[in-house]
Amino acid sequence: MADFVQLVILGLLAGGVYVAVGVGFGLVWGVLNIVNLAHGALVIVGGYITWQLFTSLHLDPFLTLPVDAVALFVLGYVLQRGVINRIIRAPLLFTFLLTFGLNLVIVNVLLLVFGSDFRSVTPSYSGQGLELGSVVIPYVRLMSLFAAILLAAALALVLNRTRIGLAIGAIASDRDAAQLVGIDLRHAYAVTFGLGAACAGVAGGLIAMIQAITPSAGEPYTLQAFVVVILGGLGRVSATVVGGLAFGLVEVFAQSIPGSGSVFANAIAFGLMVLVLVTRPQGLMGRLH
Amino acid sequence: MIAQGLRDRRWRRIFLIVGVVVAAYALLAPLTSLDFAQSANVPLLADRLWFRLATYIAMFIVMATAWNIIGGITGYAAFGNVAFFGIGAYTTGMLIAKAKWPFLAALPFAPVVSALFAALVGLPLLRLRGHYFAVASLGVGVAVGELVQNIDYGGQPLFGGASGLFLPIFSIDNRGLFFFYLMVAAAAVAIFATRWVLRSRFGYGLIAIRENEEAAAVIGVNTTSYKVAAFALAAALTGLAGGIFSQWNVFINQDNAFPIEYNVQMILMALLGGTGTVFGPAAGAVLLQLLIQFLGGSLPISVDIPFVSTAARPIVAQVILGLLLVAVVIFVPRGVIDFFGGRSRLSLSYLRRSLRETSL
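For the record, the sequence lines run as chains A and B.
Every position in the first sequence, counted from 1, becomes a number in this note's numbering once 16 is added.
Every position in the second sequence, counted from 1, becomes a number in this note's numbering once 9 is added.
Don't read these hints as lab results, they were simulated from the structure.
Note that the structure is a prediction, hence the values are computed from the model and not measured.
Keep in mind that the hints are not guaranteed to be accurate.
[Unchecked claim] Here are a few chain B residues that face chain A, going by a calculated C-beta distance under 7 Å:
| # | residue |
| --- | --- |
| 1 | Ile23 |
| 2 | Val27 |
| 3 | Leu129 |
| 4 | Leu132 |
| 5 | Pro133 |
| 6 | Ala152 |
| 7 | Gln165 |
| 8 | Ala171 |
| 9 | Val273 |
The beta carbon of each residue, even a glycine, is placed where N, CA and C say it ideally should be.
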């Protein structure tokens, strides 16, 4: 029983990262209809910013998260406005290839700047944890779960309570009508992608505290973000939160089966995705349009 | 109008002649490495490096042409075809290394196993459309490589594990020559298969699916079996290339049998050359593979990139490749060969028009 409780807690904690990775990806996919294959690369850019600020300025890694968000928002805004907007009406294969190309560029520029060494962010409290009976909860994991939920809540707030957020929602439901009522599509699209990238940056900051990162460490997260969004259901932030936590639980439980290991992470993610797509295409929380 | 037509025809003829000359040279040059040619003082036109490069190009012709069947003709953006390459490589590799079969007996199993696997995963996957199919097939590509590397049986890695699989060297005179012609034969098979598909009832069904799947179903195309057949055909051809690769390279592991970047390279090749055509993907494969090798510094003719050290060169090559991918996707959505084929001319207005068609 204690094992079961521990697995549930570990699963939810692991899910925190997937929530953070998933919300930005889901926003971009839901509104812009782009499956952003560079999402994992953007995540790792955030990770490197946190690492750089932590090693050179000795900032607490959690304080670097807003910096990640702002820097990645700017990068995302520029990418969408300058590049992705140019092919937004092309068939899906083109957006796929384009974002893959961006992924290639970002990963290799990171390789040129930071090299291929493993980098990790280890604040003084990284080894400590909260002991609840036989269950130990690492502080960093706990904090990052809170940060991820906070991030999702902030995103939902921006989308539901601000003028630009409502404009983004309008575009998601009907692009032409949104344009008719005077929404500047180019700007709103760029803000959407920027918000998605900002979420990726925060996710990267969290990931840098949990695992050692390399420039190519973001690639599995792209596929996992996709699975998380499908699992929860496309179109709402809250659905992605559920999807992320559920994905964390599935992963932790699958890895606790003897004989399997973390080496099968992608195979598990993929199998789960096909299962959901075939049995419940609208996701756990989704609404079919 | 007439002058335009004449000029276009002239361009097409020039392009055809250049293509035939290059192909003839590429096919005949390796013969100069044979012993009797050397003893007759024929200049050596193909060395070890040449064989390696030419065989790689032929391998990519197979993969790009095969992708074109499912991605270009059927319109399903498969992003995980490298899984079939790897399955082909490991099928042949396992039969040779573990079961001690001779190479030529093991090779036919590569396309068969790849096609069976494609049919199996194709049945659920091809029900998905758009993004869902693309990412699900990408997932297959990643997951199969991971499974092959990590599956244990009785405590031993079943497929050689992380240390890979070593094959005995295939003993034949002029090995480089043999594998080059074998890969060229596979490329010819792929191109003829495409030609056959495009002229058959099957191909018309696939094109109908690409243009409008519901309408295709209404006029009596059995869309599921057509799609699965197209997927399996593409997988068989890709698997054949993988099977040849495993014995040619003698060593296979997850990195060289399931490289994720091949997924994108084969698509980019088909796109550069023009999707849905017979020779387009092959032409794109030659262009892009030469470019990749040139940027990587492994061609005899190479140019130093300023401010870049030799160590950083492969990384910079990847950056350039990524930027090129972005540029091609933005400016030339219908493929570079479009210009040479005489359907449109490379001009500023063409670039501006394709930008306007797709941008916001």
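Evaluation of the provided hints:
no.	hint	verdict
1	Ile23	violated (30 Å)
2	Val27	violated (27 Å)
3	Leu129	violated (12 Å)
4	Leu132	violated (10 Å)
5	Pro133	holds (6 Å)
6	Ala152	holds (4 Å)
7	Gln165	violated (14 Å)
8	Ala171	violated (9 Å)
9	Val273	holds (5 Å)
This entry does not satisfy hints 1, 2, 3, 4, 7 and 8, going by the numbered hints stated previously.
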